[in-house]
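Read in order, the letters of the sequence shown are residues 1 to 370 in the UniProt record's numbering.
Keep in mind that a hint or two might mislead.
To be verified - Derived lysine to aspartate or glutamate pairs resembling EDC-like cross-links, with alpha carbons at most 16 Å apart:
#1 K278 / D291
#2 K186 / E163
#3 K188 / E163
#4 K152 / E64
#5 K159 / E143
#6 K188 / E52
#7 K278 / D231
#8 K290 / E303
#9 K27 / E14
#10 K186 / E52
#11 K325 / E179
#12 K325 / E219
#13 K226 / E303
#14 K186 / D60
#15 K226 / E163
#16 K226 / E179
#17 K278 / D298
#18 K186 / E57
#19 K271 / E238
#20 K159 / D60
#21 K159 / E57
#22 K188 / E57
#23 K159 / E52
As the list claims (entries may be wrong) - Per label pair, the in silico range of CB-to-CB distance:
#24 T23 / V354: 49 to 55 Å
#25 P22 / E143: 51 to 57 Å
#26 G217 / D60: 52 to 58 Å
#27 A125 / A294: 40 to 46 Å
#28 K296 / F144: 49 to 55 Å
#29 Q245 / C351: 51 to 57 Å
#30 F144 / K198: 22 to 28 Å
Derived by calculation from the structure, the hints in this document are not laboratory data.
Just so it is clear, CB atoms sit at the ideal spot from N, CA and C, and this is done for glycine as well.
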Amino acid sequence: MDKACCYHNFMYLEYRLQQLLPTCTVKLREDHTVQTDQSILSFLGETKKTNEQMYQESIDTAMEIFLSVEPSQSDCKTKEEDLESRQITVSEDDEDTDYYDDDTDAGALPVTTTTQKDAEQKSEAITLKNYGVAILREQQEDEFYVQRLVAKYVVPYPKVTAELVSTIALLSTYMGNLEDIYQILKRKESEKVVTIAKAYANNIVVQYFVNRFYRYGSERYFNAHKLSPVDAATLLTEAFTAVQQKTHIPMRTFIDQKLVSGIKLDMKTHKMVIDPSKAANFFVRFFAAKDRNAKKPDLRYLEFHGIVFGNYQYLATAKLQEKTKTVSAQFTVGERIFDSMTGACLSDVPCPLVRSRLVIEEDEFFDDAA
1 MDKACCYHNF MYLEYRLQQL LPTCTVKLRE DHTVQTDQSI LSFLGETKKT
51 NEQMYQESID TAMEIFLSVE PSQSDCKTKE EDLESRQITV SEDDEDTDYY
101 DDDTDAGALP VTTTTQKDAE QKSEAITLKN YGVAILREQQ EDEFYVQRLV
151 AKYVVPYPKV TAELVSTIAL LSTYMGNLED IYQILKRKES EKVVTIAKAY
201 ANNIVVQYFV NRFYRYGSER YFNAHKLSPV DAATLLTEAF TAVQQKTHIP
251 MRTFIDQKLV SGIKLDMKTH KMVIDPSKAA NFFVRFFAAK DRNAKKPDLR
301 YLEFHGIVFG NYQYLATAKL QEKTKTVSAQ FTVGERIFDS MTGACLSDVP
351 CPLVRSRLVI EEDEFFDDAA
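Work out the full structure: start from the sequences and follow the hints.
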């Protein structure tokens with residue numbers, strides 16, 4: 001404690017020295033020629049700024065570091081995707097089945113299939129997901145990989161930047177373009193977006209509505225379409241009926257796996273009962289719906305301003321969004337321009353990242369001439 005006070009206050013240091021050496025003379029002098037190391041200044045500056053300021057100021061740097069990684073074509077599937085199976089197993093035929101409204105001509109929309117040739121051509125191109133998978137795989141092998149990656153460069157806030165790089169890597173495995181990822185970071189929606197993206201990819205009930213909303217009268221959902229809690233419950237009932245008919249999944253399985261909360265099975269009638277309020281919550285959680293009069297049950301209704309949350313381009317919904325979402329081909333961070341889909345740099349402006357001399361590369365230890 002006493003030592004800390006001495007470093008903190010030079011007047012106190014003078015006082016303690018005179019106590020130890022009563023006959024000595026202590027002179028204090030300011031030296032304006034000595035320059036404090038930049039790393040120390042950065043540390044002191046970091047402690048003064050708020051967490052929000054550090055977060056926002058680190059986004060561009062984190063994007064640059066993320067895009068500095070060199071992925072390969074093999075980096076196309078996360079470890080979770082290799083091991084993860086759906087909570088409900090759907091047969092191959094049912095996965096490609098379109099769920100139609102009862103009053104809609106099933107022939108109106110042809111079922112599209114992906115040929116092996118299309119899949120091979122698609123796999124040849126490097127996408128943002130390759131960058132993310134490359135980082136996440138390294139991080140699984142070395143928990144400090146991202147910190148080491150960030151430490152290669154001079155950055156004002158290393159800890160915050162490392163957290164952002166990890167977040168960008170995760171987002172890139174669910175999102176289709178850099179601009180959306182950037183906006184998600186700016187709005188601090190990462191955690192919510194990842195949860196929703198997983199539902200778009202794996203929750204069969206959510207997938208039913210994504211398909212239905214985009215394929216039938218999608219324009220109304222972009223024009224403040226209103227939905228009451230009672231109507232929301234009706235839609236969910238229709239969804240369960242349609243999915244069950246196509247997949248032959250027992251109703252008890254839907255309830256046990258909690259694909260939607262607020263569902264009960266009436267033991268007398270053996271019919272599903274859905275709480276209108278919980279049904280409304282379902283659409284607010286997974287779709288671009290605003291909850292109007294949420295605390296007034298009698299006046300409550302949902303107002304749609306799109307279909308998927310944030311109107312972002314999710315990898316699981318990208319094909320369905322082609323007619324309703326325009327994705328910019330280019331993304332600008334600082335003075336550099338990147339391909340928004342592949343992460344390739346399109347400008348001649350050099351990378352602004354400055355290599356840190358505090359990091360000793362392996363090639364500095366091994367000299368070929370030695």
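Results of checking the hints against the structure:
1. With a C-alpha separation of about 12 Å, the suggested pair K278 and D291 falls inside the 16 Å cut-off, and the hint holds.
2. For the hint linking K186 to E163, the alpha-carbon distance of about 14 Å falls within 16 Å, and the restraint holds.
3. Distance restraint check for K188 and E163: the Cα-Cα separation of roughly 13 Å lies within the 16 Å cut-off, and the hinted pair is therefore satisfied.
4. Between K152 and E64, the direct Cα distance comes to roughly 13 Å. Compliance with the 16 Å bound is thereby established for this hinted pair.
5. For the suggested pair K159 and E143, the alpha carbons sit about 14 Å apart, so the restraint of at most 16 Å is met.
6. For the hint linking K188 to E52, the alpha-carbon distance of about 10 Å falls within 16 Å, and the restraint holds.
7. Among the hinted pairs, K278 with D231 is consistent with the structure: their alpha-carbon atoms are about 12 Å apart, no more than 16 Å.
8. A distance of roughly 5 Å separates the Cα atoms of K290 and E303; the hinted pair therefore holds under the 16 Å criterion.
9. Among the hinted pairs, K27 with E14 is consistent with the structure: their alpha-carbon atoms are about 8 Å apart, no more than 16 Å.
10. The straight-line distance between the Cα atoms of K186 and E52 is roughly 10 Å, inside the 16 Å bound, and the hint therefore holds.
11. Under the criterion of a C-alpha separation no larger than 16 Å, the hint pairing K325 with E179 is consistent with the structure, at around 13 Å.
12. Distance check on the hinted pair: K325 and E219 sit about 12 Å apart at the alpha-carbon level, within 16 Å; holds.
13. Taking the CA atoms of K226 and E303, the gap is about 5 Å. The hint holds against a cut of 16 Å.
14. Pair hint K186 plus D60 holds up; C-alpha atoms about 10 Å apart against a cutoff of 16 Å.
15. For the suggested pair K226 and E163, the alpha carbons sit about 39 Å apart, so the restraint of at most 16 Å is broken.
16. Between K226 and E179 the alpha-carbon distance is near 29 Å, which puts this suggested pair outside the 16 Å criterion.
17. This hinted pair checks out: K278 and D298 have alpha carbons roughly 14 Å apart, not beyond 16 Å.
18. A distance of roughly 10 Å separates the Cα atoms of K186 and E57; the hinted pair therefore holds under the 16 Å criterion.
19. Taking the CA atoms of K271 and E238, the gap is near 13 Å; set against the 16 Å cutoff, the hint holds.
20. Proximity of K159 to D60 is assessed by CA-CA distance (about 15 Å); at most 16 Å being required, the pair is judged to hold.
21. For the hint pairing K159 with E57, the CA-to-CA distance comes to about 13 Å; that is within 16 Å, so the pair holds.
22. About 13 Å separates the Cα atoms of K188 and E57, which keeps this hinted pair within 16 Å; it holds.
23. A threshold of 16 Å between alpha carbons decides the hint, and for K159 with E52 the separation of about 13 Å falls inside it, so the pair holds.
24. In this structure, T23 and V354 meet the distance hint of 49 to 55 Å, their C-beta atoms being roughly 51 Å apart.
25. For P22 and E143, the Cβ-Cβ distance of about 54 Å falls inside the hinted range of 51 to 57 Å, so the restraint holds.
26. In this structure the hint that G217 and D60 lie 52 to 58 Å apart at CB is violated, the actual value being about 40 Å.
27. Under the hint 40 to 46 Å, the C-beta atoms of A125 and A294, about 44 Å apart, fit the expected range.
28. Hint check: K296 to F144, Cβ distance near 51 Å, so the stated range 49 to 55 Å holds.
29. Between Q245 and C351 the Cβ separation comes to about 55 Å, which falls inside the hinted range of 51 to 57 Å.
30. Against the hinted window of 22 to 28 Å, the Cβ-Cβ separation of F144 and K198 comes to about 26 Å, which satisfies the hint.
Checked against the numbered hints above, the structure breaks hints 15, 16 and 26 and satisfies the rest.
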